[in-house]
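Asks: Using the sequences and the hints, build the whole thing.
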Amino acid sequence: MGVDTTIVKCLECNSRNLFYDENRGERHCQDCGLLLEERIVDQSPEWREFNEGGESTNRSRVGAPSTNLLHDKGLSTQIDWQNRDYAGAAINSKNRSQMYRMRKWQMRSRVKGSQERNLSVALVQIGLVCSKMGLPKTINERAADIYRRALKAGLIRGRSIEGTVAASLFIANQQLSTARTVDDFAKFTKLTSKEISRTYRDLKRKLSIKTPVPTPMVYVARFVSDLGLNSETERRTREIIKKAEDYELTHGKSPSGIVAAALYIAGQETGQVRTQREIAEVTNVTEVTIRNRYKQLANNLGIKLEI
DNA sequence: AAGACGAAAGTGGTTGA
DNA sequence: TCAACAACTTTCGTCTT
Numbered sequence: 001m002g003v004d005t006t007i008v009k010c011l012e013c014n015s016r017n018l019f020y021d022e023n024r025g026e027r028h029c030q031d032c033g034l035l036l037e038e039r040i041v042d043q044s045p046e047w048r049e050f051n052e053g054g055e056s057t058n059r060s061r062v063g064a065p066s067t068n069l070l071h072d073k074g075l076s077t078q079i080d081w082q083n084r085d086y087a088g089a090a091i092n093s094k095n096r097s098q099m100y101r102m103r104k105w106q107m108r109s110r111v112k113g114s115q116e117r118n119l120s121v122a123l124v125q126i127g128l129v130c131s132k133m134g135l136p137k138t139i140n141e142r143a144a145d146i147y148r149r150a151l152k153a154g155l156i157r158g159r160s161i162e163g164t165v166a167a168s169l170f171i172a173n174q175q176l177s178t179a180r181t182v183d184d185f186a187k188f189t190k191l192t193s194k195e196i197s198r199t200y201r202d203l204k205r206k207l208s209i210k211t212p213v214p215t216p217m218v219y220v221a222r223f224v225s226d227l228g229l230n231s232e233t234e235r236r237t238r239e240i241i242k243k244a245e246d247y248e249l250t251h252g253k254s255p256s257g258i259v260a261a262a263l264y265i266a267g268q269e270t271g272q273v274r275t276q277r278e279i280a281e282v283t284n285v286t287e288v289t290i291r292n293r294y295k296q297l298a299n300n301l302g303i304k305l306e307i
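Going by this note's numbering, 156 is the number at position 156 of the first sequence; the sequence numbering is gapless.
The set of hints was computed from the structure by calculation and includes no laboratory data. Among the hints, erroneous ones may be present.
Pair ranges (Cβ atoms, derived) [as the list claims (entries may be wrong)]:
(1) A153 with V124: 17 to 23 Å
(2) T275 with L207: 39 to 45 Å
(3) G113 with G252: 44 to 50 Å
(4) V273 with I161: 44 to 50 Å
(5) N299 with K152: 47 to 53 Å
(6) K190 with E232: 36 to 42 Å
(7) R291 with K206: 16 to 22 Å
(8) R291 with G252: 16 to 22 Å
We put the CB at the ideal spot given by N, CA and C, even for glycine.
Replies: This is how it looks when you write it as structure tokens:
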């Protein structure tokens, strides 16, 4: 069988308009946003071997790795209803009663009850949003885990599945610093950013989840890549933000605004000029904010710009 | 014509009595 | 609960290159 590793058409909308992001090592469809390829594919088993002939022999590989992404954690070997063994031969009567008991227990333990159904719907949605937004599997796993906890704590009642899905994803995003904003999640779900942040706060409080204090720094790589700037400009941008944080010029200001301004200044300095319009586009702040911010930063950090 | 500028009015969230 | 407030947005006329 020939192995074709190059995807030329989107699997969802058949568009040939694909985009390869070198920094993130991902290939997306530019039309529907589906994540088609990731550079890092870890196919190794999820446990390590500590002693010779120990782990690997005891925990022999059966089935796919256990994962939070499936409602029953992937432990779902099906027992067929036909009284035949794998080769198609009839199973003798001695084993039949055993088979019957196994089926019975499987039926009892499988998708049943509203919680399980809720979870399987939610996990599909989490996967879908992750794929559309080009988020790595780690986010998917983390969000799934948070959703499970929310479900277990009975926090879904009175809330929409989609809202909790988005909030779980946003928490995962904050914890793992994948540089997506609430607005990004709003764009890829049917929810407003307001609803998402409200559920986000709620979930964090009720599940006592901690997320790192947000810093503008996490957005730098993403915006640099989106604007096609070089590493020199990126370095300088980080420098400016670091200084701004040291001088406490960032408190109470929107992170994207800070990054946008720093990018603008750095771009002017290194000759990688981007217009306020372009920067406003990718950072999702207005040109006015960029102006206000960059003037403030330039003044307080003693940066002279010859514009 | 494109980009930058800044005034003025409007919006949504936070804070403190 | 309400008003004051800071940050940010929208809009728009003007200036500069």
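Asks: At the C-beta level, are R291 and K206 separated by a distance inside 16 to 22 Å?
Replies: violated (40 Å)
Asks: Take a look at whether the Cβ-Cβ distance between T275 and L207 falls inside 39 to 45 Å.
Replies: holds (43 Å)
Asks: Confirm or reject the claim that N299 and K152 have a C-beta distance inside 47 to 53 Å.
Replies: holds (51 Å)
Asks: Tell me if the beta carbons of V273 and I161 are separated by a distance inside 44 to 50 Å.
Replies: holds (46 Å)
Asks: Given a hint of 44 to 50 Å, does the C-beta separation of G113 and G252 actually sit inside it?
Replies: holds (46 Å)
Asks: Can you tell me whether the CB distance of R291 to G252 sits inside 16 to 22 Å?
Replies: holds (18 Å)
Asks: Between K190 and E232, does the beta-carbon spacing fit 36 to 42 Å?
Replies: holds (41 Å)
Asks: Holds or violated: 17 to 23 Å for the Cβ distance of A153 and V124?
Replies: holds (21 Å)
Of the hints listed earlier, the one the structure fails to meet is number 7.
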